[in-house]
Structures are given as C-alpha cells and as structure tokens.
Amino acid sequence: MATKDLSDYDIATVPSAKKMRFGIVVSEWNIEVTGALANGAVKTLLKHGAKEENIKVHYVPGSFELPLGGQFLAKAGGFDAIILLGCVIQGETKHFDFICQGVTKGTVDLNLKYNLPFIFGVLTTKTMEQAIARSGGKHGNKGNEAAVTAIKMVSLSRNL
Numbered sequence: 001m002a003t004k005d006l007s008d009y010d011i012a013t014v015p016s017a018k019k020m021r022f023g024i025v026v027s028e029w030n031i032e033v034t035g036a037l038a039n040g041a042v043k044t045l046l047k048h049g050a051k052e053e054n055i056k057v058h059y060v061p062g063s064f065e066l067p068l069g070g071q072f073l074a075k076a077g078g079f080d081a082i083i084l085l086g087c088v089i090q091g092e093t094k095h096f097d098f099i100c101q102g103v104t105k106g107t108v109d110l111n112l113k114y115n116l117p118f119i120f121g122v123l124t125t126k127t128m129e130q131a132i133a134r135s136g137g138k139h140g141n142k143g144n145e146a147a148v149t150a151i152k153m154v155s156l157s158r159n160l
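Sequential numbering of the sequence shown, starting at 1, is according to the numbering used here.
Worth flagging that the hints you see were computed from the coordinates, not collected in a lab. Treat the hints with care, as some may be off.
As the list claims (entries may be wrong) - Derived lysine-lysine pairs resembling PhoX-like cross-links, with alpha carbons at most 20 Å apart:
id	residue 1	residue 2
1	Lys-113	Lys-138
2	Lys-51	Lys-4
3	Lys-43	Lys-56
4	Lys-43	Lys-138
5	Lys-4	Lys-138
Please read these numbers as outputs of a predicted model, since none were measured by experiment.
Assemble the whole structure, with the sequences as input and the hints as a guide.
Next up, the structure:
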C-alpha cells in the first residue's frame, strides 16, 4: 500500500514548463483510470506554465502499446518529453507480468534510444480500487507525479 500522496510535492522545486512541449500517450484500457491520470498530468503541466497548444494527448488501445505510441511521437518530433500513462490490474493469469515487463522494458529502451525523457506513468495494481486511489483518489494522482517528473527531466537536460 502506498504511503505517499502521489500529488504531494514541493511546488518550489518544479521549474517553469513555459517553453516545454509534451506528448502524452494514454492507454484506452481502464479508461476511467487512465483518463483521470491524463487529466491530472495535463492540469499539472498547465499549472507549471506549459501552454495548452504545447501538450498533445494521443491514445493507444492498451498499456502494451504505450512504448510504440511513444516512439511514434518521438519520430514525429517536436516534444521535449513524452509521458506514458496506463493501468494494468493483476488478474488470475501471468498476463499482468508479461504486460508490465514489456511496458517497463519498452520505456527504458525508448529513453536510451532517443535520449529523450519518456516518463513511466503506468499503474500496476492488484485491484481496481487501488488504481482509483492512485488516479485522483486517496493516494493522489500518478498523472501529476508523471508530469512533474517530465518537467524536471526536461529542465535537467537543458541545464547540462
């Protein structure tokens, strides 16, 4: 069980996103959760100065497709960071393990291949209740956390 509110952070430590461009790829599977993650991410980016026209949201069928969707955005160009948002809930089979492993490895590979921040905003929970708690419920919103991470990684890249 998470002990940290995913939406709780020191606002003073987040750089301005005013001149940053973000791509967001959202899984349509568990859309009630992933839609809330996307809303949280967009609101957080706007809160830190990103312009609405510099935030592009695209959808893929499921979490497994997130890395390829992210790659499509990277190849299209024009983004300083790409946020991948999904939700995989543990079931009775090993499907959960294969999906989570594939999405995780795919995200790592994209970061290294493109030298661009690809932010892993995928919930991997045991139950829908846990997913809801982490997508705007009692544990905050992982989408907010992903957006803050994206801003900080773009800032780090620009300041080196």
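Next item on the list: Starting from Lys-43, check that the Cα of Lys-56 is at most 20 Å away, please.
Entry: Satisfied, since the Cα-Cα distance of roughly 13 Å is no more than 20 Å.
Check: Given the hint that Lys-51 pairs with Lys-4, does the C-alpha gap stay at or below 20 Å?
Finding: violated, 29 Å
Check: Has the given pair, Lys-43 with Lys-138, been kept, meaning a C-alpha gap of at most 20 Å?
Finding: Roughly 18 Å separates the two Cα atoms, so the pair holds.
Note to self: For Lys-4 and Lys-138, compute the direct alpha-carbon distance and say whether it is at most 20 Å.
What the structure shows: holds, 10 Å
Item checked: Restraint status (C-alpha distance of Lys-113 to Lys-138 at most 20 Å) -> violated, 36 Å
Against the hints set out earlier in the document, violations occur for numbers 1 and 2.
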